[in-house]
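What follows is each chain in one-letter form.
There are 2 protein chains.
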Amino acid sequence: MASASSCAIRCSRVSIRCSASSEGGGQGPHRSSNAVRVNGAAHRAPLQVGAALETSINRSLAELSAPVLTQPPPAGVGEERVRQNIPTEKQTVDPFRQALIVEGGVRYQQTLVVRSYEVGPDKTATMETVLNLLQETALNHVWMSGLLGDGFGATHGMIKNNLIWVVSRMHVQVDQYPIWGEVLDIDTWVGSSGKNGMRRDWLIRGRNSGEIFVRATSTWVMMNKVTRRLSKMPEEVRGEIAPWFIDRHAIEEEATEKIIKLDSNAKYVDSDLKPKRSDLDMNHHVNNVKYVRWMLETLPDQFLQQHQLSSIILEYRKECGSSDVVQSICQPDEDSILPQENVSMVIGPLLLPELITGHHSLAGALQQWPTKYTHLLQLKAGDKHDEIVRGRTTWKKKSHKAP
Amino acid sequence: MASASSCAIRCSRVSIRCSASSEGGGQGPHRSSNAVRVNGAAHRAPLQVGAALETSINRSLAELSAPVLTQPPPAGVGEERVRQNIPTEKQTVDPFRQALIVEGGVRYQQTLVVRSYEVGPDKTATMETVLNLLQETALNHVWMSGLLGDGFGATHGMIKNNLIWVVSRMHVQVDQYPIWGEVLDIDTWVGSSGKNGMRRDWLIRGRNSGEIFVRATSTWVMMNKVTRRLSKMPEEVRGEIAPWFIDRHAIEEEATEKIIKLDSNAKYVDSDLKPKRSDLDMNHHVNNVKYVRWMLETLPDQFLQQHQLSSIILEYRKECGSSDVVQSICQPDEDSILPQENVSMVIGPLLLPELITGHHSLAGALQQWPTKYTHLLQLKAGDKHDEIVRGRTTWKKKSHKAP
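Chains as they are written, first to last, in UniProt numbering: chain A, 1 to 403; chain B, 1 to 403.
Possibly wrong hints are sitting among the right ones.
Put simply, identical chains are the same to the list, so a pair is met inside one copy or across any two.
Said to hold, decoys possible - With a cut-off of at most 25 Å between alpha-carbon atoms, the simulated PhoX-like pairs for lysine-lysine come out as follows: (1) 398 <-> 372; (2) 267 <-> 232; (3) 276 <-> 380; (4) 274 <-> 380; (5) 396 <-> 276; (6) 90 <-> 396; (7) 195 <-> 267; (8) 276 <-> 397; (9) 267 <-> 225; (10) 276 <-> 398; (11) 397 <-> 160; (12) 276 <-> 372; (13) 225 <-> 276.
To be clear, the hints were calculated from the coordinates, so they are not data collected in a lab.
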């Protein structure tokens, strides 16, 4: 298991390098102007959704009351597939998920409403919700493509070759967090990434304003389910997914910055973190959202109350299973404190000293926090520390007072 | 705070008694046959949903691209309400949530799809997901009624009187857990419960089969937001909500069984549980789902792998805030072990003794577990133990092998 995982790390790095080099040529100013045009608000299409809903009614009445399976399902999983309605041919409309395949039949678009249990005490969606929605729409995209074999987005060709998807890198930028009840349009598409990888991008827009709330990109590679080693992409699988590739980037990244490795001397350390049964996903790994929760929970409460996460980059190194014990480490960039308006004006002689220096004090509220942090989750097994995921987060002041 | 909470307990008990007595007359065989008729599969209405979607297209194009506010929103919350589209008049269709108001304009019905992040490793929704969906549809019901003032389902009249909803009892019965991608129809409605309470019921059906997966009922009372004391229902609020009352029960309960109080001598005890920021809901309390997670996590993994929760009853006593430290206590009903087929047949001489008695052993797998458990969450503050919530759970063997 140890050797397989160290291979995974090696291969994963190669894959990230490939992906950066193959995409590098397409980035820069030209790329940027192209992306702005494509990703702009003009892209919002309520009429299209209306038309799709109209189509969906006819479909839902005529077809969707019966399962859309066009081939007999494999024995044993038949009942499950019927209950799920997993199509075996490409669909252009999913009425129940309010989803469409658009743009030459390859880009996935879904409309959804932020649910009450997806927001925090301030009625605003969290980064965890954003990550959940990215996962959800990615899987629904594969679902509608007719390629979904089983499990976590694996295609028929991948299942035949015993392969699963593994994410090697993820970058999420949030301009604005959606609020409870807000209607969102989420777009996602895939592209090539080096010889053996796949890139997946997302845009989340508020339907009322058409503004882009979230931009995200990710890189995926294939892992053999049995050996746990990374795999080349078989031609059969490339044949399945390549027709879906779009050459467009949701985030204009400069040359990909490498995240430094932290050690236990970092400023914030949480040890002995143990995954619970409810933290496991359909692949029986600790899910991505739990990773991010562990990362962010090392930060002081007072910082979290005043700031919101505007960007997160994750570099995945190793799987984490249900019996692992995890350590979460975090180090601020001390030089990332923003120049601010002169706060000394409000600290006048009217304030008692204990208000300024005490617990939950004004001084705490006025403290100038770093806005950039480096993170590491690692496994603890004796003296050995295997890296699970490295992270970089960027924060901004909340615009209103947190409750 | 202590006196307010003890009042809450007293009042809550009164409310539960009232509710039981006022509902008792309506139950029994007559009630039962009525409920079966109303709650049966014939009730499933895909055509209605189709028609609603059709209506919704016209609405969404003509009206819903603009906010549905018909009165100017209060200053300061205007932008938020526009982003959320909270109606100030009763709506009969919510196209984005795929929801309708049916049955004489009072019952709420929503169609939704189980999302990938709402299922566990076995691709099956958990009790936590079920509870989330109950909360979600209840709030959406108030949302569509045009009564939603702000916060967690409080009406305009409640906000004027500084009141919030508090749940005093909840009972959820699960016949079948929905699976990833399954389309569900959820119905919810409210009724009276004693003089000062409200009852809310739910039915969750699988759209493909029309089978009822989940039945749930709950009792709600009003609490003053400032004093934290339970309150009578003001006439103004009764005037708002009484026109929505339906006299029908999703669960046919016998006389409500009282849940006994446990102490720390119980078989399973988890101490020092601390809520995290992400566990708080819009009311700044630890949310219901977290309570249930704490309750169930005291049970042994091996039991949880082999069994699924088929019923849970919760009796709420006291609020739990973000700085509280909680203890979760659980006691099995030793006499609730089900008579099973004779398992000695498979424990033959071919099996090594260590397989039978070791850790993760066959004996463990064959162990006959109790199927009924009593639970208690309590606050720990010195020698004093304030009860947060009592629970009763009933379990059944999973029909297929857990992964």
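Each hint tested on the structure:
no. : hint        : in the structure
1   : 398 <-> 372 : within (15 Å within a copy, 47 Å between copies)
2   : 267 <-> 232 : neither (39 Å within a copy, 51 Å between copies)
3   : 276 <-> 380 : both (17 Å within a copy, 23 Å between copies)
4   : 274 <-> 380 : both (11 Å within a copy, 23 Å between copies)
5   : 396 <-> 276 : between (31 Å within a copy, 21 Å between copies)
6   : 90 <-> 396  : neither (42 Å within a copy, 39 Å between copies)
7   : 195 <-> 267 : neither (39 Å within a copy, 56 Å between copies)
8   : 276 <-> 397 : between (32 Å within a copy, 21 Å between copies)
9   : 267 <-> 225 : neither (37 Å within a copy, 39 Å between copies)
10  : 276 <-> 398 : between (31 Å within a copy, 20 Å between copies)
11  : 397 <-> 160 : neither (49 Å within a copy, 32 Å between copies)
12  : 276 <-> 372 : between (29 Å within a copy, 23 Å between copies)
13  : 225 <-> 276 : within (22 Å within a copy, 35 Å between copies)
When each numbered hint is compared with the structure, violations occur for hints 2, 6, 7, 9, 11.
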